[in-house]
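Protein chains in written order, with this note's numbering: chain A, 6 to 197; chain B, 964 to 1147.
These are computed hints drawn from the structure, not numbers from a lab. Being a predicted model, the structure only gives us computed values, none of them experimental. One or more hints might be untrue.
Listed next, with one range per pair, are the computed distances between beta-carbon atoms [stated by the list, open to error]:
id, chain 1, residue 1, chain 2, residue 2, range
1, B, P1082, A, P15, 56 to 64 Å
2, B, H1013, A, F10, 50 to 58 Å
3, A, G86, B, D1018, 27 to 35 Å
4, A, A27, B, D999, 18 to 26 Å
5, A, A27, B, Q966, 30 to 38 Å
Cβ atoms here follow ideal geometry from the backbone N, Cα and C, with glycine treated the same way.
Take a look at the letters that make up each chain.
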Amino acid sequence: MIKRFLMTIPIGLVLGGAAALALAFGPTELGGIRAGNWYTNQHIGSVDATPLIRAVIARRGLMALRQTETIYFSSDHDSEGRAFDEACTYRLTVDTAPQARWWSVTLYAEDEFLAVNGEEAHSLTADDTTGFPVEAIISQGQTRSPAHRISSEAAGAFNLTLRLYQPDAALVEDATLANLPTVERISCRSET
Amino acid sequence: MRQWLAPIAGGLVAAGLGFWLVLNWVPGFLMDKALDRLTSFGPGYNQVFHGPITDETSRRVVRPSPDILYSVCAYDLTESDVELNVPWPTDGSYASVSFYDENTNNYAVVSDREVSNNPNTQIRLMRSLATPVTQPGDVGARLTFSPTTTGLALYRRVLMGDTPVEQVEQERRAFSCNTIASSD
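Excised from the complex, chain A in its bound form (with noise of 0.2 Å):
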């Protein structure tokens, strides 16, 4: 009987382990609230996160502020669920001004880091609008287009983060609330 306990048991802590680092490290999403194509977690930041919340937030989100000083919304899919793809061209609408203090979409390539391109042109801000609805091109290159451009050029399957610095105190309460950006695909390579 001992004999099979010892093989048991280092086989379940082993298995257990290797299931949370899969977890942790993998392609887990943070859960949390939605609203259309975006998410967040209330408990980013916080001391009351979960174990998985706390590792999944530590890999993507490390140093990431608690929710009453930011709200950061994550977003991997376009208005219509396909998944972001450096090879198509977006739309990104603002309409109505986020309910924060200071705003910002930052564009980050499929390792988490801002996409390598020499571009600099990774994000939008609060500090680039002066009225609404205000718009951004999400392209590799560069575009005719009169709106803001954001580059996705070296970006592979990207992500977008909408920080709402100092959010409103109703966003804290309930982040769906939140005036978010949508993002329309206009068109890919493959396509044009």
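Add chain B to chain A, keeping to what the hints say.
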């Protein structure tokens, strides 16, 4: 077969335990790595590293914002308390200093919105096993209690469109972090 029931049950319990242990270990491990990186290339513990403007070569922490300047103090309260001087923007842009314990928890934040017309705030960071809190002071000074001996204080300053980067750079370099004698 029956003789395997108890060992299999033991294996399942062990799997749950392994899962829980590893999941709780990951944040501390990643924080340790971040602290190692910050203290190996920077000035070490209890001193400030003013990060360069974030660009595509920034690879130390995932998802950095290209629109924010970061300065960081990796602190170690083993020997003494730490005092931080936090400068606030003169152009009305957002700035804050946030504190993270060894398990990546953001246990305290102080932002420019909470200080009234003070160009700077002094924060004394102390080790405490008590509930982590930030206590406001009466002359722009505060006490903050870290739940763990080591951690990070991260200063964020938004790069506002109209303000010259040189001015922002000069202002944020007033962010400092120094050891001071422990009060006990």
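Now for the hints, and whether the structure bears them out:
1. B:P1082 <-> A:P15: 56 to 64 Å: holds, 59 Å
2. B:H1013 <-> A:F10: 50 to 58 Å: Given a distance of about 55 Å, which is inside 50 to 58 Å, the answer is holds.
3. A:G86 <-> B:D1018: 27 to 35 Å: holds, 32 Å
4. A:A27 <-> B:D999: 18 to 26 Å: holds, 24 Å
5. A:A27 <-> B:Q966: 30 to 38 Å: holds, 31 Å
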